[in-house]
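Visitor: Note that the protein sequences, when read in sequence, are chains A and B.
Take 0 as the starting number for the first sequence in numbering that gives the first Met the number 0 and just add one per residue.
Take 0 as the starting number for the second sequence in numbering that gives the first Met the number 0 and just add one per residue.
The hints are simulated quantities; they were obtained by calculation from the structure and are not laboratory data.
Warning: the hint list may mix true and false statements.
[Unchecked claim] EDC-like, lysine to aspartate or glutamate: derived pairs with alpha carbons at most 20 Å apart:
#1 B/LYS327 with B/GLU19
#2 A/LYS196 with B/GLU328
#3 B/LYS33 with A/ASP190
#4 A/LYS196 with B/GLU170
#5 A/LYS271 with A/GLU186
#6 B/LYS305 with B/GLU202
#7 A/LYS196 with B/ASP228
#8 A/LYS301 with A/ASP363
#9 A/LYS319 with A/ASP278
#10 B/LYS207 with A/GLU15
#11 A/LYS185 with B/GLU18
#12 A/LYS224 with A/ASP116
#13 A/LYS12 with A/ASP230
#14 B/LYS283 with B/ASP228
#15 A/LYS196 with B/ASP27
#16 B/LYS283 with B/GLU328
#17 A/LYS194 with B/GLU328
#18 B/LYS340 with B/GLU328
#19 B/LYS33 with B/ASP280
#20 B/LYS221 with B/GLU202
#21 A/LYS194 with B/GLU18
#22 A/LYS194 with B/ASP27
#23 A/LYS2 with A/ASP230
#24 A/LYS360 with A/ASP278
#25 A/LYS12 with B/GLU202
#26 A/LYS196 with B/GLU218
#27 B/LYS207 with A/ASP190
[As the list claims (entries may be wrong)] Examples of chain A residues lying across from chain B (beta carbon under 10 Å, computed):
#28 LYS12
#29 GLU15
#30 HIS18
#31 ARG22
#32 THR119
#33 MET193
Here a beta-carbon is modelled for each residue, glycine too, at the ideal position from N, C-alpha and C.
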Amino acid sequence: MRKVAIVGVGLTKFGESWHRGFREMITEAGIRALADANMPGSDIDALYGGTMAAGRLIGQEHITALIADSMGLNPIPATRVEAACASGSVAMRAGYMAVASGIHDQVVVGGVEKMTDVSTGEVTSALGGAGDQEWELFMGATFPSLYALMARRHMHDYGTTEEQMAHAAVKNHYNAARNKYAQYQKEITLDTVMKSKVISSPLKMFDCSPITDGAAAAVLVPLEKARKYTDTPIEIVASAQASDTLSLHSRESLTRLNAAIEASKKAYGQAKLKPSDIDVAEVHDCFTIAELIAIEDLGFCKKGEGGKMTEQGETALNSKISVNTSGGLKGCGHPVGATGVKQIAEIVWQLRGEAEKRQVKKADIGLTHNVGGSGATCVVHILKRGD
Amino acid sequence: MIGIVGYGAYVPHYRIKAEEIARTWGEDGWRIIKGLGVQEKSVPDLDEDTATMAVESARNAVVHAGIKGKSIGAVFVGSESHPYAVKPTATIVAEAVGATPHLTAADFEFACKAGTTAIQCCMGMVSSGMVEYGLAIGADTAQGRPGDALEYTASAGAGSFIIGKKNAVAEILGTYSYTTDTPDFWRRPSADFPSHGGRFTGEPAYFKHVVNASKGLMEKMKIGPEDVDYVVFHQPNAKFPRHAAKILGIDSKKLEPGLLTPLIGNTYSGASMLGLAAVLDVAKPGQHVLVTSFGSGAGSDSFLIKIKDEIEEKRSRLVPVMNYVNNKEYLDYALYVKHRKKLKSL
């Protein structure tokens, strides 16, 4: 196995991009990543792309061939991977494995979702496909209601409060306000969250990540070749993935994600690091409760203390551990297929010291945590400065 | 010189409160009122439709103008709720104001802006000498699917403007339009209620067209926001026109006299016409008014209007817009359903 480094990343501005199409966004993100890597397209050996529901949302399948064509990368192999909201980081992992194994040398990985072409109802239905269609969706559950069940149980078992969850949204909006790529560059107060419309009790509008258009891309090369392209290579020191039951009701516990615990354990093992070594983390806050559970599953705090840790500001920018400096899914936006790759881009910028107004002072080691559905897939990557 | 020789308004007597609609659907009325800035909307009576309201406003306009019906050479009625799919509303109005038979007439449709486009057509016909006076009307009994966000605002009303050269109360100094094919809101012939693109109706539709038309007109006329005393924008709710004013750097105080949506809802083709009428009711000679309509689909017509001395002379013949706005009776949701003929099982 070869060591793998990220030498370029690129993002489009996240938001309601009514004036822009799927191929335009992913091509822009890809070109930005290549430009960031100072790499000509002709150096790329393979492309991996993550998108969750292009078929449902824009009626387009076969998207990686489309992306390769649009980016002028033909005839390299272009492969799509799909794991619901974790599609982006599963694509990252596919790219990582291709380079690590020696099959390919220079790989570009993309994640993209175009969500605003259809109604909110159609988006909700398409996203529902991340759960168990037969046992959850068909019975009327939607993702907000599944996460609401998790939130209720967390409140019941650990005394977590709605205010504690709201603090995660407030923090993520604070960070998003310092990120030019974020959908919502606006700070909010606890009151904004608490008084927002109830979506699925106890989750309110501001506990939920939005519907977003966006794309992200990253360029991977063997670490030994990285200096050819950049002075600040970022090494992927762990890439781990785990699976769990698709349906929430089949699990032993509603308040933890076994896939996240399993993937993070493996990742810490690969990197020979422990949770306290992590300086900055991008975690999957599709709902505020998901961030509280994520920081528990990742070992940043004890089980059940995610609410307390968030409320006490220990996950804020430049605190104990800076969580979701990009603004997370809540503030930066959640174009589902792009999210996993965006998390990687954010950590790369943090480790390079290029995160502008949201720069974490000591950022040597960063982690990404990307969840598919209600936790049936979880991917954890750990990145480290390559110098 | 082309100008407004006379104008007239009409708003039905009945209202329903946003709170009452919210109560019916289990929504938070306070949040909706705060979000849309619309407290209540007008509801037509059982025997009212676009034709009857167009006639009411047109009669007021003819009286205000002080002209004979026979001198009107063109009647154009803009609406998206013409009572007939085939058979004009304009002929009904023309008969009612005594303009028949030596005239031309037609119905227009361009979502909420057909009325202002009718004004532009009249301007062309008057300035070319084809007709002495043209009557341009915007009128609607707007439809909103029960339970849809539109139901809180879709209301009824009409505004009529007589365009001519003589004894104008206000001069139309210039007009400019901005049009693209943008499907933000539509209704197929067989559908009872319109469909819309939700948040898509905002930025790429309303704001793009209203802002660009207003900017285009100001550039054409070589003026800035500081040169106008009043501004009227199409008003699907109270939030959109206020935000458009902010984008254009226009003091929102200039918007308030012509912002009727909070009290009567969105009268669609009537909205910018009634807003302009409300401003003309209070404007002083020498003042300038910027009017920009918006029709989904999508386009905006922008006008720069200068108030003339004649406005004071003709005021005694006027039925002010606020008379209609303030004269009201509330309906509960059940009566509203009856008025709007929404009970399909009957």
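Visitor: Any of the earlier hints contradicted here, and which numbers?
Guide: 2, 4, 5, 6, 7, 8, 11, 12, 13, 16, 17, 19, 20, 26, 27, 28, 31, 33
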